[in-house]
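There are 2 protein chains.
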Amino acid sequence: MCELLGMSANVPTDICFSFTGLMQRGGHTGPHRDGWGIAFYEDGGCRMFHDPRPSAQSEVAELIQRYSIKSCNVICHIRQATHGRVALENTHPFQRELWGRPWTFAHNGKLKGVKRLPLGHYRPIGTTDSEHAFCWLLSQLRDRHERPPARSTTRWRSIARLCRQLGEMGTFNMLLSDGQQLYAYCSTHLSWLTRRAPFGMAQLLDAEVQVDFQTVTTPDDVVTVIATQPLTSNETWNTISPGALVIFREGEATEIDTRQIRAIR
Amino acid sequence: MCELLGMSANVPTDICFSFTGLMQRGGHTGPHRDGWGIAFYEDGGCRMFHDPRPSAQSEVAELIQRYSIKSCNVICHIRQATHGRVALENTHPFQRELWGRPWTFAHNGKLKGVKRLPLGHYRPIGTTDSEHAFCWLLSQLRDRHERPPARSTTRWRSIARLCRQLGEMGTFNMLLSDGQQLYAYCSTHLSWLTRRAPFGMAQLLDAEVQVDFQTVTTPDDVVTVIATQPLTSNETWNTISPGALVIFREGEATEIDTRQIRAIR
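Going down the list, the sequences are from chains V and B. For the first sequence, full-length UniProt numbering gives the first residue as 1, with consecutive numbering after it. For the second sequence, full-length UniProt numbering gives the first residue as 1, with consecutive numbering after it.
Since the hints were made in silico from the structure, they are not lab data. Don't take each hint at face value.
Just so you have them, the derived chain V footprint on chain B, three or more residues with Cβ under 8 Å [said to hold, decoys possible]:
{"#": "1", "stretch": "2-13"}
{"#": "2", "stretch": "35-47"}
{"#": "3", "stretch": "123-135"}
The C-beta atom is built at its ideal place from N, Cα and C for all residues, glycine as well.
Next up, chain V with everything else stripped away, as it sits in the complex (with noise of 0.2 Å):
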């Protein structure tokens, strides 16, 4: 399996923290030896940083601790292949332009038959089971909605009956993101925690680092951290409901039980 890491806050925050103890389980804590990838956005923009080598031993997962990129909104994976060789076309995040914007797309698990759904606009360019559930995504979100729906309630709701279609299909735990909202879907596992004032220590599980957040924040910051598996000892984390979406914008969740929403067919 494969491991996500994301990041919703209201001010450009660097990860450099979370992303560190991440990296130690691609083939140092963890077995998730098979690429890495991670996306930030910044303005309109969105950025991404891709490596089919090990992130622990990654000379550009180096460059990325040190250089702390600040963004809003970060999508990370590292993967542990179980479909779709080791390659650069099969390495998560993946990106499609949808209604003018960048959307990226990392997912944990494994779906069956999902090959069988029918693609519109966007073709994989690997060959990975998870990027054809994101271009089946992204192409449904497309042929219902021409324009971005004016209320994002019509879009959350649009996008948690497809997640809860894919998660239908086997283990879909995913993080998705048009850089204004980061979209959390869980299947199994995925937990989040927010940081805000008062902040506080956190300390890492995978690495003997800790930050004292109070030194590197104002009192304003509003910062959530969503990891497969939490990444801190002295922290409380929520652990996601299977079946359950939960919408991040600006650092704040909104949950919605995909269970309760009316089925598309």
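Mind docking chain B on chain V? Use the hints.
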């Protein structure tokens, strides 16, 4: 204006030498301070690095120079903003998926009225003329060919016609690739040179750096470099004529005079 750099090779090759020369022009020997980006094709995938900061002072650029990513197709761009503010979303190269392949595009020049060209499948994320031209070009290609044409000359001709149309709107020097071919259209300035056995010494124009290519190649290597302005002082560069499209595949060039192609209108 901006500067372009491309590479087409028959064996994965690093672009460190040429990249080192070009990066100097991003705020050091040249005025192109408004960001830079590079796309490397590796296997069926493509990874990009973007930085809205001047390349001569960019930590990401430093990594690329040190890390020596090997690729058969590379597109690089350093920007001096003329249209669209300095921002990540306006930083070339741009990328979109077409026919299941990642297409990348970088442009030098100004196009008048290009934003009046109707868009189809692809929408710009940023505000540059260049991204609009790219989205239009790919939309047109997709409308004409639902699948990639079996004959590569059919594809070449379609691209040549679209380039000519854009060329009529102003200055359109561009590099475009799908990872198999690299297309170079010249409106005013674009040069290229092919290095093959017997390899010799090359001296950069913009930095005190020289390389003896004989020590880093095998006798079968064919490596072509394309640039807005020649990058070396002791080699003979070919100048592309205005209105010509040169298609590079595994380092070998085929030239099409787009003025000889039947108009589409």
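Results of checking the hints against the structure:
1. Look at the stretch 2-13 of chain B against chain V: 0 of its residues bring a Cβ nearer than 8 Å to a Cβ of that chain, fewer than three, so the hint is violated.
2. Counting residues of the stretch 35-47 of chain B whose beta-carbon sits less than 8 Å from any beta-carbon of chain V gives 6, enough to reach three: the coverage restraint holds.
3. Three residues within the 8 Å Cβ limit are the bar, and the stretch 123-135 of chain B against chain V gives 4, so the coverage statement holds.
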